[in-house]
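Novice: When you get a sec, could you build the whole thing from the sequences and use the hints?
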Amino acid sequence: MTLYDFLYYIILPILSISVILIVIRFLKGPSIVDRVIALDLLITTGIGIIAVYSIITNQPTFLDIAMILALIAFLGTVAFSYYLEKRNK
Amino acid sequence: MTEITIGILASFGAIFVLLAAVGLIRMPDTYLRISVTTKAATLGIGLLLVAAAVFFKDMSITTKVLAIILFILLTAPVSAHLIGRASYFSGVKLWKGSVLDDLNGKYDKSSHKLRSGLEEAPEKKTNKIGED
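If you're matching them up, the sequences are chains P and B in order.
Per this note's numbering, residue 1 is the first one in the first sequence, and the count goes up by one each step.
Per this note's numbering, residue 1 is the first one in the second sequence, and the count goes up by one each step.
Treat the hints with care, as some may be off.
Result set (PhoX-like, lysine-lysine): computed pairs, CA atoms no more than 25 Å apart in a straight line [to be verified]:
(1) B:Lys96 with P:Lys28
(2) B:Lys39 with B:Lys64
(3) B:Lys39 with B:Lys96
(4) P:Lys28 with B:Lys93
(5) B:Lys113 with P:Lys86
(6) B:Lys106 with B:Lys93
Cβ-to-Cβ under 8 Å is the rule here; a few derived chain P residues that face chain B [stated by the list, open to error]:
(7) Phe6
(8) Ile37
(9) Leu41
(10) Ala51
Since the hints were made in silico from the structure, they are not lab data.
Every value quoted in this text rests on a predicted model; they were computed, and no experiment measured them.
Glycine is no exception: its CB is placed at the ideal position from the N, C-alpha and C atoms.
Specialist: Following this line, the structure appears as structure tokens:
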């Protein structure tokens, strides 16, 4: 079993299952805060999928997009929490 | 040897991300879900990115990966604290099995200021020093 097969047939399915579980929480979440947390974790899992995919395709350029996604996740969470606090004032 | 290292790192990273997802769906409370998201997912993503850095063996890519890991390590606690604070102010209930709520009745809901209940004692001390 080569590294390609291992990453393609074991690691990526595990990450896909975790994405499905997070999306279930995103759709179910009782409060809006749960949805914000699920969105944050969804983007963070996306960074991991990009890292594995850059190994599979031998393209290190994809890691730039991972960095931008990390930035956007942080900005989104901060903006959501800011406006949630303002809404209840 | 390098392939085995990459395989082990990627396996642990994927397992930690899966544990974070299972915790997100199984935890009974918003605050416990925030706790899961911060720790397990950060460790898992860090391991997956380190696996990518080991695979490419290039200085520039290693620097990029280290920058991403440092950024995630810096921002995950900050965003978790912010969203936890917002959820406490917006009145999300704690789980019924929680035994301690230290913030109960200690903050002003209109001005969002936190009181510890010990403000009186230090003020008296400073007044005495000022009088002397």
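Novice: Confirm or reject each hint.
Specialist: Hint by hint, here is what the structure shows:
This hinted pair checks out: B:Lys96 and P:Lys28 have alpha carbons roughly 20 Å apart, not beyond 25 Å. The straight-line distance between the Cα atoms of B:Lys39 and B:Lys64 is roughly 22 Å, inside the 25 Å bound, and the hint therefore holds. For the hint pairing B:Lys39 with B:Lys96, the CA-to-CA distance comes to about 23 Å; that is within 25 Å, so the pair holds. With a C-alpha separation of about 17 Å, the suggested pair P:Lys28 and B:Lys93 falls inside the 25 Å cut-off, and the hint holds.
Restraint check for B:Lys113 and P:Lys86: the C-alpha separation of about 14 Å stays at or below 25 Å, so the hint holds. Annotation: proposed proximity of B:Lys106 to B:Lys93 holds, straight-line Cα distance about 16 Å (limit 25 Å). Given the 8 Å rule on beta carbons, the hint for P:Phe6 holds: about 6 Å separates it from the nearest Cβ of chain B. This hint holds: P:Ile37 has a C-beta 5 Å from the nearest C-beta of chain B, less than the 8 Å allowed.
This hint holds: P:Leu41 has a C-beta 5 Å from the nearest C-beta of chain B, less than the 8 Å allowed. Taking 8 Å as the C-beta contact cut-off toward chain B, the hint placing P:Ala51 at the interface holds, the least distance being around 4 Å.
In the structure shown, no violation is registered for any of the earlier numbered hints.
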